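J.: Fit chains B and C with the ligands to the known structure of chain A by using the hints.
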Amino acid sequence: MHEEVIFAGFGGQGVLLMGQLVTYAGMMEGRNVTWMPSYGPEMRGGTANCGVAVSEKEIASPLVSEPTSVVAMNRPSLEKFQGMVRPGGLIIYNSSLVDVKPARNDVRVVAVPANQIADEIGDVRVANMVALGAYLGVTGVVSVDTVLEAMKKVLPERRHGLIPLNQKAIARGMDIAAAALKAG
Amino acid sequence: MAGKVLMKGNEAVAEAAIMAGCRCFFGYPITPQNEIPEYMSRRMPEVGGVFLQAESEVAGSNMVYGAACAGARVMTTSSSPGISLMQEAISYMAGAELPCVVVNIVRGGPGLGGIQGAQSDYFQATKGGGHGDYHLLVFGPSTVQELVDLTMEAFDLADMYRNPVMILGDAILGQMMEPVEMRKRPPRADLPPKTWAATGAAGRPKNIITSLYLDPAKLEKHNLRLAEKHRRMAAEQVRYATHMTEDADVVLVAYGTTARIARAALDRARERGLRVGLFRPISLWPFPYEALAAATAGASHVLVVEMSLGQMVEDVRLALGDTKPVHFYGRTGGMSPSPREILDEIVKIVERGA
Amino acid sequence: MQKVFGRPEALADVPTHYCPGCTHGIIHRLIAEVIDELGVRERTVGISPVGCAVLAYDYFNCDFVEASHGRAPAVATGIKRASPNSVVFTYQGDGDLASIGAGEIVHAASRGERITVIFVNNAIYGMTGGQMAPTTLPGQKTTTSPRGRDPEVAGHPIRVCELLSSLSGAAYIARVSVTSPANVAKARRAVKKAFETQLEGRGFSLVEFLSTCPTNWGMTPVEALKWVDDKMAVYYPLGEYTRVPEVG
Ligand SMILES: Cc1ncc(C[n+]2csc(CCOP(=O)(O)OP(=O)(O)O)c2C)c(N)n1
Ligand code: SF4
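Chains as they are written, first to last, in our numbering: chain A, 1 to 184; chain B, 185 to 538; chain C, 539 to 786.
These aren't lab readings, by the way, just hints derived from the structure by calculation.
Being a predicted model, the structure only gives us computed values, none of them experimental.
Incorrect hints may have been included.
[Claimed, not checked] Taking lysine to aspartate or glutamate and the EDC-like style, the derived pairs with C-alpha atoms no more than 20 Å apart in a straight line are:
1) B:LYS188 x A:GLU149
2) B:LYS413 x B:GLU330
3) B:LYS188 x A:GLU29
4) A:LYS153 x B:GLU365
5) C:LYS730 x C:ASP574
6) B:LYS311 x B:GLU281
7) C:LYS618 x C:GLU734
8) B:LYS508 x B:ASP431
9) A:LYS57 x B:GLU230
10) C:LYS679 x B:GLU230
11) A:LYS153 x B:GLU199
12) C:LYS731 x C:GLU575
13) B:LYS188 x A:GLU56
14) A:LYS57 x B:ASP451
15) B:LYS508 x B:GLU430
16) A:LYS153 x B:GLU195
17) B:LYS413 x B:ASP333
18) C:LYS731 x C:GLU778
19) A:LYS57 x A:GLU29
20) C:LYS724 x C:GLU778
21) A:LYS57 x B:GLU455
22) C:LYS724 x C:GLU575
23) B:LYS413 x B:GLU281
24) A:LYS57 x B:GLU330
25) B:LYS188 x A:ASP175
26) C:LYS730 x C:ASP768
27) B:LYS188 x B:ASP340
[To be verified] These stretches of chain B come out as covered by chain A in the derived footprint (C-beta under 8 Å, 3 or more residues):
28) 441 to 448
29) 519 to 529
Just so it is clear, CB atoms sit at the ideal spot from N, CA and C, and this is done for glycine as well.
So here's chain A without its partners, still in its complex pose (with noise of 0.2 Å):
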């Protein structure tokens, strides 16, 4: 196994703590894991992203120029990455704020109305949580009891309070990715 994905989005939709789960359940399943954040002014308002890689092997490039999977939490960051995907890689975008599709049609492609879907469950930040859960659902990279497990350490304790509407989220999101996986 050996993943190299991308969450990407605008500042303030969480896509860092996405991958820091990933990561943080890839370490705590045994697999080798790196993570690495955009950074600096342009976070302000502005986009984000972080590249994680989980593998088996020793993990060479800390950088994902070649992801296996990427994840767009807005428009900006489906063009931006949607051409890196490698060829029979992932997309998961979110079409609660993308209005158009993706240009491949050499991967698989997943929709996550995750804006709506965290609306209804009753906090649209958690939508994050929905299209995190479409993820491990198509990829099974890491288990969804061990990304959960993962929150309690990468969460600040006075956000623990937040952990069960998260697992609803990426509850959602899971059934998304089984729906998806069916339609195949």
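T.: For chains B and C with the ligands alone, kept in the frame of chain A given last:
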């Protein structure tokens, strides 16, 4: 992976220093290493240490000079423009033989440059930087674990040689997270006591710490003694790693993060049946000249890859002379080479060179 | 007659990168209006700091120079001495001016350098993500004073106007804010006086703005303006700081 924690390079370097007994930190904010002073501002009070945000890197590095004079284990960290401002204090510390650890999380220059990772401070770090005949020990880690281990060891080496030690990282290493084992590392037992420190002349003759020798004959003598120490450092502290160099036709030479990217290119090249190896200098001063010559003895080409327009490549040429072609590929300004670009270079060399 | 809502000629027609609710933008505008009103745009050379306003050179429609962190007053001195007919102003944050550049600003003022300094005090390092500034208030939390600034350890905030007004070369020094239309009007008058001081060759001039950083203060823009009035303006009183008469 028992005992491993996931940490950002910048935070790991801060915790490593604390674990190695560093109790004084002076610094000034600059991207992409702000997590280090921020971590220290939380952590130092917990361990009874000193954290002080200086008014500038000029002041911060002279606070390091002061704390080192007082015999403390002391560190400062910055990124390229800030390290330029520290060169005066670094030269004074080298001249006065004061131990300290300086971490440079390099970003693209020159001038204000940018905030993405680069390796364009290699000359500054290894060929002087400040004025005078002096050398720092300079290490270029390529993983967060190595960053931690070398930082811890740097404090011992600084004390052992009474010389500033520099960790030359880059923004990628500082910003990335990777699992790391934080093994506690108490100071080595065989370190010489700091009898030279300015701690008050109670029951002993007074100590003077200075780099001033107005009499040129005395200054020359001082420099010759420093040079003798540099020779010892050079003989004892050469470090490097090799990967698949034994049968390699093309040997890549890269350090720090770039070595990891080169390694990814190597894997792809090997998949294609190309005999490619990697030589990774870990000590940048002393540069592993002889080891490099030995590791590339059977190769017909050497390809140096850097995040600069060619700085370490000069040391590689020094090591290899005209025994074989030394090629160079670099990206600069905060851009990094991709494995594919490096692979393309390898293929070009193999096709051209056969 | 000047237009009230039109874009000043000295301001470029480009979007800025400032965060919502940040008062850097309005300060830019006031300076540009004054430059227009005095008719000196074509003689003006601005100097950008290292800080959030580093890209000011894109926002003003006059010649501009980027200085290294804190050295703008020295760069301004070089420009003014080499080209005395130029109208030279620096635009500096509190880290730039009062921390790393404390030496340069004191000496420019003491020399009575005929330059105008716009000093933007937002009590924090904005650009680098919210570290303590020399003007951070006692008790104020920042990323490098996580328990709140403790003057015992981190020193006391620096009152720049009070400090510089003790120097004989400082001809005009004022502290203003932009938290209300009335304050904006006063600020504009202060900027104009500062530039006039330079044009009349009377010496060094500086206007300190109490400014917001909602992003790194963790406040809404409205809360941030209130914090300027309620907290900052108490520690840093607004007004003109009278010039110490020249002796000898
Ligand atoms: C020599 C040097 N040290 C540090 C930095 C990093 N740095 C960039 S801006 C800045 C401070 C910004 O704060 P301030 O001057 O208060 O301006 P603001 O961003 O709040 O407007 C620092 C420390 C640098 N660029 N150069
Ligand atoms: S970080 Fe603060 S000072 Fe900088 S633009 Fe944003 S609000 Fe303004």
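J.: State for each hint whether it applies.
T.: Here is how each hint holds up against the structure:
1. For the hint linking LYS188 (chain B) to GLU149 (chain A), the alpha-carbon distance of about 15 Å falls within 20 Å, and the restraint holds.
2. Taken as a hint, the LYS413 (chain B) and GLU330 (chain B) pair is broken in the structure, with Cα atoms around 25 Å apart against an allowance of 20 Å.
3. With a C-alpha separation of about 12 Å, the suggested pairing of LYS188 (chain B) with GLU29 (chain A) holds against the 20 Å cut-off.
4. The suggested pairing of LYS153 (chain A) with GLU365 (chain B) holds, with an alpha-carbon distance near 16 Å, which does not exceed 20 Å.
5. Distance restraint check for LYS730 (chain C) and ASP574 (chain C): the Cα-Cα separation of roughly 11 Å lies within the 20 Å cut-off, and the hinted pair is therefore satisfied.
6. For the suggested pair LYS311 (chain B) and GLU281 (chain B), the alpha carbons sit about 18 Å apart, so the restraint of at most 20 Å is met.
7. About 15 Å separates the Cα atoms of LYS618 (chain C) and GLU734 (chain C), which keeps this hinted pair within 20 Å; it holds.
8. Between the alpha carbons of LYS508 (chain B) and ASP431 (chain B) the distance comes to roughly 16 Å, so the proposed pair stays at or under 20 Å and holds.
9. At most 20 Å may separate the alpha-carbon atoms for a hinted pair to count; LYS57 (chain A) and GLU230 (chain B) exceed this at roughly 38 Å.
10. Annotation: proposed proximity of LYS679 (chain C) to GLU230 (chain B) holds, straight-line Cα distance about 17 Å (limit 20 Å).
11. For the hint pairing LYS153 (chain A) with GLU199 (chain B), the CA-to-CA distance comes to about 18 Å; that is within 20 Å, so the pair holds.
12. A threshold of 20 Å between alpha carbons decides the hint, and for LYS731 (chain C) with GLU575 (chain C) the separation of about 12 Å falls inside it, so the pair holds.
13. Note on LYS188 (chain B) and GLU56 (chain A): the hinted pairing holds, with a Cα-Cα distance of about 16 Å set against a maximum of 20 Å.
14. Of the pairs offered as hints, the one joining LYS57 (chain A) and ASP451 (chain B) holds, with about 12 Å between alpha carbons and a cut-off of 20 Å not exceeded.
15. With a C-alpha separation of about 16 Å, the suggested pair LYS508 (chain B) and GLU430 (chain B) falls inside the 20 Å cut-off, and the hint holds.
16. A hinted pair counts as satisfied when its Cα atoms are at most 20 Å apart, and LYS153 (chain A) with GLU195 (chain B) qualifies at roughly 16 Å.
17. Restraint check: the Cα-Cα separation between LYS413 (chain B) and ASP333 (chain B) comes to about 24 Å, which exceeds 20 Å; the hinted pair is violated.
18. Our distance criterion of 20 Å between C-alpha atoms is met by LYS731 (chain C) and GLU778 (chain C), whose separation comes to about 11 Å.
19. In summary, the hint linking LYS57 (chain A) to GLU29 (chain A) is supported, as the alpha carbons are separated by about 13 Å, within the 20 Å threshold.
20. A hinted pair counts as satisfied when its Cα atoms are at most 20 Å apart, and LYS724 (chain C) with GLU778 (chain C) qualifies at roughly 10 Å.
21. Taken as a hint, the LYS57 (chain A) and GLU455 (chain B) pair is honoured in the structure, with Cα atoms around 15 Å apart against an allowance of 20 Å.
22. Distance check on the hinted pair: LYS724 (chain C) and GLU575 (chain C) sit about 16 Å apart at the alpha-carbon level, within 20 Å; holds.
23. For the hint linking LYS413 (chain B) to GLU281 (chain B), the alpha-carbon distance of about 10 Å falls within 20 Å, and the restraint holds.
24. Using a Cα cut-off of 20 Å, the hinted pair LYS57 (chain A) and GLU330 (chain B) holds, with the two alpha carbons roughly 18 Å apart.
25. About 33 Å separates the Cα atoms of LYS188 (chain B) and ASP175 (chain A), which puts this hinted pair outside 20 Å; it is violated.
26. The suggested pairing of LYS730 (chain C) with ASP768 (chain C) is violated, with an alpha-carbon distance near 26 Å, which exceeds 20 Å.
27. Distance check on the hinted pair: LYS188 (chain B) and ASP340 (chain B) sit about 24 Å apart at the alpha-carbon level, beyond 20 Å; violated.
28. For a cut-off of 8 Å, the count of residues in the segment 441 to 448 of chain B with a CB near a CB of chain A stands at 5, and the three-residue condition holds.
29. Restraint check on the segment 519 to 529 of chain B versus chain A: 4 residues with Cβ-Cβ distances below 8 Å, three needed, restraint holds.
When the structure is compared with the earlier hints, violations turn up for hints 2, 9, 17, 25, 26 and 27 and for no others.
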